[in-house]
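Student: Spelled out, the chains give:
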Amino acid sequence: MTRRWRILAPATVGIAFLALWEIFVRVENIPPYILPPPSAVGLSLWTDGPSLLGSLLVTLRVTLAALAAAALIGGGIALLFSLSRIVELSLFPYAVILQVTPIVAIAPLIIIWVRQPFLALLVCAWIVAFFPIVSNTTVGLNSADRNLLALFRLYGASPAQTLRYLRLPTALPYFMAGLRISGGLALIGAVVAEFVAGTGGAETGLAFRILEAGYRLAIPRLFAALFLLSLTGIVIYLLLDFLSGRLLRNWHESAAAEDEE
Amino acid sequence: MVGRGEFVSLLGPSGCGKSTLLRIIAGLTPASAGICQVSLGDGHGKTATAGRIGFVFQDPTLMPWSTVTANVLLPFRIGRRLGPAARERAAEAIRAVGLGGFESAYPHQLSGGMRMRVSIARALATEPDLLLLDEPFAALDEITRLALNDDLLRLWERYRPTVLFVTHSVFESVYLSTRIAVMTPRPGRIAAEIAIDLAQPRDRDLRTTTEYAALCETVSGLLAQAMAGDERR
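Going line by line, the protein sequences match chains A and B.
Here my numbering is used: position 237 in the first sequence is 237, and no number is missing along the way.
Each position in the second sequence, counted from 1, maps to that position plus 261 in my numbering.
Just chain B, with the same shape it has in the complex (with noise of 0.2 Å):
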């Protein structure tokens, strides 16, 4: 279960499952059993439409022949809502996560976060209700990654939609998490799971904080603890 606001990470090694997940809640993959149920909107029986859940991939996923406008703007050129307000908001988008003035640069021209960024504001864009990222910042490096962190969390207080995120940085996920569900590999499922209730809103002083690191020392014990159960087995 997960509440709506929540931002809750999925923690695991690879192979565990954890992409599959979200493609799945995604709608993208059908599952092999069992149930997965999204209510989005309001809640009272408006089923998962197109353009409420935004989805993040590990790799930018751009269209290298469009403008970062054109990009972001995708998803209303699929639902045929190319108006005046789906160009206002897209704006917003790119404003928000900090690419004001690159509006019509090509992915080529830009760099490996700036890239990413233009991915994150194409899935907020449409103000989704879930956004789903699979290991987003996974190929960027250690700067450009804590600086999303940051940029990540603001762009949460700021859309507020559910968040889904997939990671295998145990740092990573307590600094944006209010959950942690730790999974494990074959067969894939969760292990624990840990409510991290570190004070909102959160910046980079929190990393040096002794709580945080605390915390970071009992995900990484529960994560621990998860793969030796697996090697047992």
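Next comes chain A alone, as it looks inside the complex (with noise of 0.2 Å):
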């Protein structure tokens, strides 16, 4: 019951909202440079699908290799900040200060220091994708239950094995929230990253395409690219979300909840 309204619930607002566009369009008479209707962006979605598809997936490998550096990169700083105090104090302001530089504002600059294009929108996607990582993981691994800390000592254990057996698993809900975010972060910084390199030779990605269906007029186009950004976005959210209920499926009470359904 409360399974089949999670997916038909904002599945009826779409519809819904689709329809009030389209009728608004026809009924209105807007030109489709200004708004085109959801069904001109749907035709030109199964035209210019092939194509977009394939800056979809040129979009797709920047977020994913961001995401997965974000990620290992991300959970790495958090560790080095949980062993020692004084590197948390001295590198953390730092990393706010790479969060909140607009990333629009330093992407020509990365672009032109880091030459490989490739690896240059990497680097910008990765600046807007780390934080959340870094941040969560660093108070997951600061977490853990007093108690088992002085159980741990009580046993004798070593730092490696509080590490390992106490610290990192009570982490691991707050990095798969992080990862969560920065999912979608990777996204946004990889397509701004693209508006700013522009064309990047023969690979272009999705953000160019809709930079260019701009300067053509091409709106359906546009809209049909935008549609694909967002819906790629959904999937990504999905498929972490379906990974961190996975894995804490056993213990963690976010997980737990949806079991008892």
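Check the hints yourself; a few may be wrong.
[Unchecked claim] Simulated restraints on C-beta separations:
1. Gln370/B to Pro10/A: 24 to 34 Å
2. Gly361/B to Leu53/A: 55 to 65 Å
3. Leu467/B to Asp241/A: 33 to 43 Å
4. Gly362/B to Leu243/A: 25 to 35 Å
5. Gln370/B to Phe17/A: 39 to 49 Å
6. Ile15/A to Gly362/B: 43 to 53 Å
7. Arg164/A to Gly361/B: 22 to 32 Å
8. Ile7/A to Gln370/B: 27 to 37 Å
9. Gly361/B to Leu243/A: 31 to 41 Å
10. Ile7/A to Glu403/B: 38 to 48 Å
Because the hints were derived from the structure by calculation, they are not lab data.
Ideal Cβ placement from N, Cα and C applies to all residues, glycine included.
Hints in hand, dock the two standalone chains.
Tutor: Below, the structure written as structure tokens:
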């Protein structure tokens, strides 16, 4: 019952919204270069689909690579922070600075500094994506239960054992929560970087297709590309959510609650 | 002084340092003054080693990501003694606390009383010489608490550790202990001691006897005295 509604309810809202949009455009006679009706976007999705999918793959490759790098390096940085308070205190402000710097502003520089286009895009997307993982995982590594820590001490656990059997498992749900946020951010980062980089040679990502469609007033295609982008974001989120549920389903409250439905 | 095989309760109001005393004995908190001497094992110079002390906290303090068995095996895993012998002892401890059949359950699938049983099984699995319990049943409902009191007595008879039991329940301390130390707050110190020489083994019939009632009254009196002394200061 609940599970069916989880799909049915948002689907109904979506269909109603598209219908209203279609009716509005037709009744008001709005030209397609101002606002195309969903039917035109759907048509464009059909005709331009294959070439758009090719571009999507380019963007997706940057996104996934950036997300993987964010998980690895972000997790590593968090581990470093948890091992030494001094390191955390001295480096954390700079992680924040990297986080709040508008990526649009520094992307051109990164593209100049890093010659290889794929790598440049990767670096941009990584800068946007890594922070939630660092900050969440750091909190997680430091929130081991005090009594469990005492118990580990009582039984003479080494720091490595405490890390492996207590701190890392404690941090896992925090890490996964960070990863879910970073998934969306990596996609945004990749798109923003592509916007700035423009055409990256033979392989062009979805962001550049959006720009190009805008220049040519091919607004239905622009919307089709946007739609694909949103869809990708949703799929990434759902995949990470599924992964998180799988990993935590035995013990964590957020995952355990779903089991009982 | 606590002798081998005794069951001593530390009885007192909150904030009188009962828990701190346990933590000092366990070596988790340094003593601010004085000497805490714990001789375990054969009592001939063998010092306190990991696994010789079991500790049960007020919360079950289980690892939510591990099964009952994995939680009970924790002391062995840390001590790198995770052999078949350890598994047998863990399985035995789980059965002894009445959780046979729940070996692969996760803590979130268990009730509060069952979680506490897991915690006790973990403390007993290493067959410690000294078992420290820090108000283990304070957060449980009365029915579960009485059941666990009985279980704790059985387990004590079976494993025979020396027990230091922190509580603020007079009835619980009289029911379980061979000796009670009444503590007062500010400064935390032992105000009175009383031996509870009720027959062993004890069971729930004891709770309705006049001897038990009389002892509870005496201990309540001692506690009230200790508290009054505190207020006068």
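Student: Confirm or reject each hint.
Tutor: Quick rundown of the hints versus the structure:
1. Look at Gln370/B against Pro10/A: about 31 Å separates their beta carbons, and that is inside 24 to 34 Å.
2. Judged by the Cβ atoms, the range 55 to 65 Å given for Gly361/B and Leu53/A holds: they are separated by roughly 57 Å.
3. For the pair Leu467/B and Asp241/A, the supplied restraint of 33 to 43 Å is violated, since their beta-carbon distance comes to about 55 Å.
4. The given range of 25 to 35 Å is respected by Gly362/B and Leu243/A, whose C-beta atoms sit roughly 32 Å from each other.
5. The supplied range of 39 to 49 Å is met by Gln370/B and Phe17/A, whose beta-carbon atoms lie about 42 Å from each other.
6. Take Ile15/A and Gly362/B: their Cβ atoms lie about 50 Å apart, and the range 43 to 53 Å holds.
7. For the pair Arg164/A and Gly361/B, the supplied restraint of 22 to 32 Å holds, since their beta-carbon distance comes to about 29 Å.
8. In this structure, Ile7/A and Gln370/B meet the distance hint of 27 to 37 Å, their C-beta atoms being roughly 28 Å apart.
9. Distance hint check: the CB atoms of Gly361/B and Leu243/A are about 35 Å apart, consistent with the given range 31 to 41 Å.
10. Between Ile7/A and Glu403/B the beta carbons are some 46 Å apart, a value that agrees with the proposed interval 38 to 48 Å.
In this structure, the one hint that does not hold is number 3.
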